[in-house]
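The whole structure should be built from the sequences, with the hints applied where relevant.
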Amino acid sequence: AQSVTQLGSHVSVSEGALVLLRCNYSSSVPPYLFWYVQYPNQGLQLLLKYTSAATLVKGINGFEAEFKKSETSFHLTKPSAHMSDAAEYFCAVSDTGNQFYFGTGTSLTVIP
Amino acid sequence: NAGVMQNPRHLVRRRGQEARLRCSPMKGHSHVYWYRQLPEEGLKFMVYLQKENIIDESGMPKERFSAEFPKEGPSILRIQQVVRGDSAAYFCASSAGQGYGYTFGSGTRLTVV
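One line per chain: the protein sequences are A and B, in this order.
Here our numbering is used: the first residue of the first sequence is 1, the next is one more, and so on.
Here our numbering is used: the first residue of the second sequence is 1001, the next is one more, and so on.
Hint data in this document are derived by calculation from the structure and do not stem from the laboratory.
Computed from a predicted structure; not experimentally measured.
Where is the CB? At the ideal position from N, CA and C, for every residue including glycine.
It is possible that part of the hints are untrue.
[Said to hold, decoys possible] Pairwise CB distance ranges, derived in the manner of DEER restraints:
1. B:Q1098 x A:N61: 41 to 51 Å
2. A:T55 x B:R1014: 44 to 54 Å
3. B:K1044 x A:A54: 28 to 38 Å
4. A:K58 x B:G1016: 44 to 54 Å
5. A:Q42 x B:E1068: 18 to 28 Å
[What the hints assert, rightly or not] DSBU-like mimics (lysine-lysine), calculated; alpha carbons at most 35 Å apart, straight line:
6. B:K1044 x A:K58
7. B:K1051 x A:K58
8. A:K69 x B:K1071
9. A:K68 x B:K1044
10. B:K1027 x B:K1051
11. B:K1062 x B:K1027
12. B:K1044 x B:K1027
As structure tokens, then:
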């Protein structure tokens, strides 16, 4: 079975600082990998996805993630945090592109 | 181009009642997925449907829960004889196909009292 581990359920960064949200996955086949963001009382919005093209994936709002097969990781980064980045972030993996397995989420707080 | 539409946004049911959650996928999307989010947890897959077919219901509880996606109209997630443990946010997502990623609705928050 697929699984996703997001290290750190809560991450706090200062405004303007680097954002790093960690995601490790288990998959026996080349996976589809996604990052989603959820704002309070809203649905999930796709930030970016990896589908076996370039290993460095650029998404919306200045976020990017790098697929590292040797580390089974897909960490999400942003060079400079903005107050509007405060939200819950979910990593997801799928080997079929249909059923997704989500991590438990990382709550990002941005400190002014 | 409206996104995935879910209604109602909030639903309150007494124990033993039925809950019906509706999801209209994005235009052009024929794949619908239902997920449940419990407090402080990630999303858990429930069921994957295409028009008139259940493709994968491995995440659906065997009793009281059912889902359909008829030829015409929205997808329906039905929970019979609700219990307090059913209280959660239920999200629907739609997709144009494999690997495209989902577009999520805003969810239905079910509260069982």
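Go through the numbered hints given earlier and state which of them the structure violates, listing their numbers in rising order. Hints 1 and 8 are the ones this structure does not satisfy, whereas the remaining hints hold.
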